[in-house]
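Asks: Listed here are the chains, written in short residue letters.
4 protein chains.
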Amino acid sequence: MQKSNRKLSTDASGVYIISVTPFLDDGALDLPSTDRLVDFYLEQGVNGITILGMMGEAPKLSAEESMTFARRVLRRLDGRIPTIVGVSAPGLAPMRELAVAVMDMGAAGVMVAPGAGIRSDDGYYGYFAQVFATLGPDLPVVLQDYPQSTGVYLPVPVFSRLVTDFPQLVMLKHEDCPGLQKLSTIRKLEEQGLQRRVSILVGNGGIYYPQELARGADGAMTGIAFPEMLVKVYALHKAGRADEAEDLFDAYLPYVRHEQQPAIGLAVRKEVLRRRGAIASAKLRAPGPKLEATDLAELDRMLERLERRLAGLKIRDAA
Amino acid sequence: MQKSNRKLSTDASGVYIISVTPFLDDGALDLPSTDRLVDFYLEQGVNGITILGMMGEAPKLSAEESMTFARRVLRRLDGRIPTIVGVSAPGLAPMRELAVAVMDMGAAGVMVAPGAGIRSDDGYYGYFAQVFATLGPDLPVVLQDYPQSTGVYLPVPVFSRLVTDFPQLVMLKHEDCPGLQKLSTIRKLEEQGLQRRVSILVGNGGIYYPQELARGADGAMTGIAFPEMLVKVYALHKAGRADEAEDLFDAYLPYVRHEQQPAIGLAVRKEVLRRRGAIASAKLRAPGPKLEATDLAELDRMLERLERRLAGLKIRDAA
Amino acid sequence: MQKSNRKLSTDASGVYIISVTPFLDDGALDLPSTDRLVDFYLEQGVNGITILGMMGEAPKLSAEESMTFARRVLRRLDGRIPTIVGVSAPGLAPMRELAVAVMDMGAAGVMVAPGAGIRSDDGYYGYFAQVFATLGPDLPVVLQDYPQSTGVYLPVPVFSRLVTDFPQLVMLKHEDCPGLQKLSTIRKLEEQGLQRRVSILVGNGGIYYPQELARGADGAMTGIAFPEMLVKVYALHKAGRADEAEDLFDAYLPYVRHEQQPAIGLAVRKEVLRRRGAIASAKLRAPGPKLEATDLAELDRMLERLERRLAGLKIRDAA
Amino acid sequence: MQKSNRKLSTDASGVYIISVTPFLDDGALDLPSTDRLVDFYLEQGVNGITILGMMGEAPKLSAEESMTFARRVLRRLDGRIPTIVGVSAPGLAPMRELAVAVMDMGAAGVMVAPGAGIRSDDGYYGYFAQVFATLGPDLPVVLQDYPQSTGVYLPVPVFSRLVTDFPQLVMLKHEDCPGLQKLSTIRKLEEQGLQRRVSILVGNGGIYYPQELARGADGAMTGIAFPEMLVKVYALHKAGRADEAEDLFDAYLPYVRHEQQPAIGLAVRKEVLRRRGAIASAKLRAPGPKLEATDLAELDRMLERLERRLAGLKIRDAA
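Protein chains in written order, with my numbering: chain F, 80 to 398; chain D, 80 to 398; chain A, 80 to 398; chain Z, 80 to 398.
Treat the hints as calculated values from the structure; they're not laboratory data.
A few of these clues could be false.
Intra- or inter-copy, both count: the list cannot distinguish identical chains.
What the hints assert, rightly or not - Okay, derived cross-link-like pairs now, EDC-like style, lysine to aspartate or glutamate, Cα gap no bigger than 16 Å in a straight line:
#1 K261 to D201
#2 K261 to E377
#3 K261 to E371
#4 K267 to E371
Let the hints inform the model, and build the full structure from the sequences given.
Replies: Set out below in structure tokens:
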């Protein structure tokens, strides 16, 4: 396996799994599970790993815990695949502080979502111009476009200006919804030579993954308890076997839909990761939702049905 | 077929399709297509029809057009299945005016979502207490719980109080998300005799339909270009064939997910209804999204794949 | 008094009062009070009147009541001062229908706020381009910029493009907050010849009125139970007596601040209008807030203090 | 002056100033100005100080800077007046960590606003029940009710339950808007013996301060560049001289209104604090608004007019 303590570039592709943060039943950060989880993700064949993302439980870590967790993940990975670290923050000064620290630890790049209250095309551009000026030209940045959570919409012309003016912008994490037309529009601008090509990885739990690959996405950056699905679908698609890719995806879709539910979805994801041996406890830090007996029985059935569907599929591996 | 110009009751079950509003290419209300669409829905076996819903294009009709459309639908149905009319409005006076008018035309009941700006349990209860006082005890009401759109959350204790105090509350349109635990909680209260049983039909494009039926939903009230799927899944589930019900649902799920996208999903739905001959034009009233060539090609492929999956399914009809 | 059944133009200035909608105690539309209210506004010297605005109780009228109310106001005014009618609507077809109807009745122009869900500079421009195309080149339009209510922000470059491309855009209703810099920026663009000059009237209950006049506003379009204050402040400012204008304003400011409270403020305004004999009842249509005994006592004291401050002021009338 | 390194209690009254965070022109934390600012606040006679509040620039500090700033303020104060520290956080674990740390440093209590996404009466109660369980019974807590920022509404019945069940809840920071009725309702419940009496300090820049004092508030907790106004108004009110209190307040009101503008208001406040010698630089950390030449000229005029009004007032000091 190639060492990749290089920095993130526009060539990035495949699956960057968004890591959960493992806790013990008492809520303490679970560092042994962190190692196990990293191993698990590597075994499933992911191409990169993203930590301290906005939507996971990273905001429930103290600053010190965040550093401890990041250090542990980076040490375990030991440069085998690139790590992206979420550094979005209300102020640019603490954003810079965190970004510098994790790059020193060996991260490949950082991910930034627009701050709350950004308005208008110029406001959006201006915010990221400040971010890039603050982080400096040598720090690769992923722009996270997730208006459902941030409340801020990324217009394509603004993205074009940012890509043109800031070479360190190497990747778009695409999870606007509806977002399929936006993805196609960006790819078309690139094909017409009107915009530098960047990597685009998709989110939203991967629920539109086959459609997004068909429209030119370079892979996925999302969390799901079955990263191997994202990996295999990507490989099949890459191998020109789009129908088989989608057949495999569709087999997982009932589960993907279930895990993509707001709030409770993360509890489902952790429970499945626990059952798969990737983490010791499905614990979510408070405040957070809990799975009840009915939810667990429902999940049992859903996983049995998934297994049955997978058994019925006849897809030769793309690898 | 039984005449059902009776009023809506807590026994309501099965599929209440949320009707689109057909327009001509120039944006005018298309009344001949309205007839055709009603026939189409009847042919697919739906148990009821809901019009002037909050999320469709009803807000783009003038008051007069709304009455014209409602009259046309009710006349065409001629009491064969019950019609529910959305009457949510910022003021109670115009809400009452519309409700009385459509009941006079033969509607079976009305649907009301909470008004903007409702806060706290007492605020929610108080709003609906006013609604029920305004509409009177003889007018059956569906409470629409759709916080993603209204921004207002329905707590279960408030629902219990409303059900207890107002017999005319006969149905919950359930589309909170995540909402599975809420559905189970309500059914449990009813089973324990702590709350009068009401009809619960589910929305959200039906994307959690099998899970919701398993948790005690009485059917679905949602829009989709394939109402026969909702009908058959319900019948299979009712016949105790839950696995076959879910197999059928899962075959449609890739399409369900696609149609459930915000905004653009309605354009997809109308395009499929047009292809199926149910309406003359897929036109959406301005302002609204448009399907581009890439979107249409994507839809072609999605429908072909759906057909292939359906051909591969071996499910004996439940009817 | 000059007849002004001419259309609204970029010359509009002074005070356009936003009319309340009078109801009887039982909630019915109060047409005799409508006449009295129109007379009251005229007596206070306002330069125009705006009805069916977004933030009043117009959304609580039925479509028919809206027409009845508009007709009554226009008949009573008989062209003595121009009337602007709010026609914002989710769909362009019903917006056009209402706009045409009120212009036929003698309105001077219409006011449109951006529709919900507009995003990005191009999205904003595109929405109003559609509005202008729908309403036609001969219908004068006021663009209402009120992001606190619409959730949609108007960037200055978009406003410039709209002003340049659509001569029928004659007025900006300015009530962004904070909005003082935006107002200055627009006036500077006009002075530099980079943008056609339009009328700018300010809202937000007039709470920044002196600052806005100093920055180039042409007057106010807002509701308040003391329209004469807005009128006199404008006249004094116009006469170059800015300090006296602000002294007068400041005397009213404690009340202005009180009336500008969300929700309850409208109840205060109607109560004062009732006490002043402008309307028969302070009734707000349900659902709406109510003044309690404490609120009324507080208001008594506030009005006494206002009277005392006014008695202490030595300002010669500007008229 | 009495040493008050005791804990915060329900007796707290007067003015708890919300401190700005001073930066150097280059954006670095300005510790010498921190000392000077603390001295300034003490000289103006405030009764307490609140730091790391949600709405200031505290979110723009790194975790380490927050601790450095808190330590500096507490050391400078040396227990002369109580300090409240804002500890709101997405997760309870880091909230506890910060709370314990600042209490160890000598804080008198902590302030907590409800987390994002709280819904329903039970949801609100449950969140704070968790907070209290996490922080323990010995840590005095201020509940911050600021729905304009948090999006979460505090119903009075929920507040009653919390006050009854958790003795460590000693203060309400009241800044709901409209909020006057809520304040009166709480005081009435206390008077009727239905609820334990807690301290209520008001926010919203103090814009409704006289009305709130009349309705039973114990003072103010807010930021403003003229804390002496809040102090004197409180003293006059306390001395039964409500009219003089309000006269003094009204003299400041034009400025209060100006400083209370969203976003830009903080820039105004820092500029005035700089002019008064309380801090060295008016710098706001990026991203943030900037005062332009027009804004500064406007501020000059506003301060001159304030001085003139104060000179004209004949109010004997209450102290």
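Asks: Each of the hints needs a verdict: does it hold here or not?
Replies: Hints versus structure:
no.: 1; hint: K261 to D201; result: between (19 Å within a copy, 14 Å between copies)
no.: 2; hint: K261 to E377; result: between (35 Å within a copy, 15 Å between copies)
no.: 3; hint: K261 to E371; result: between (39 Å within a copy, 12 Å between copies)
no.: 4; hint: K267 to E371; result: between (47 Å within a copy, 13 Å between copies)
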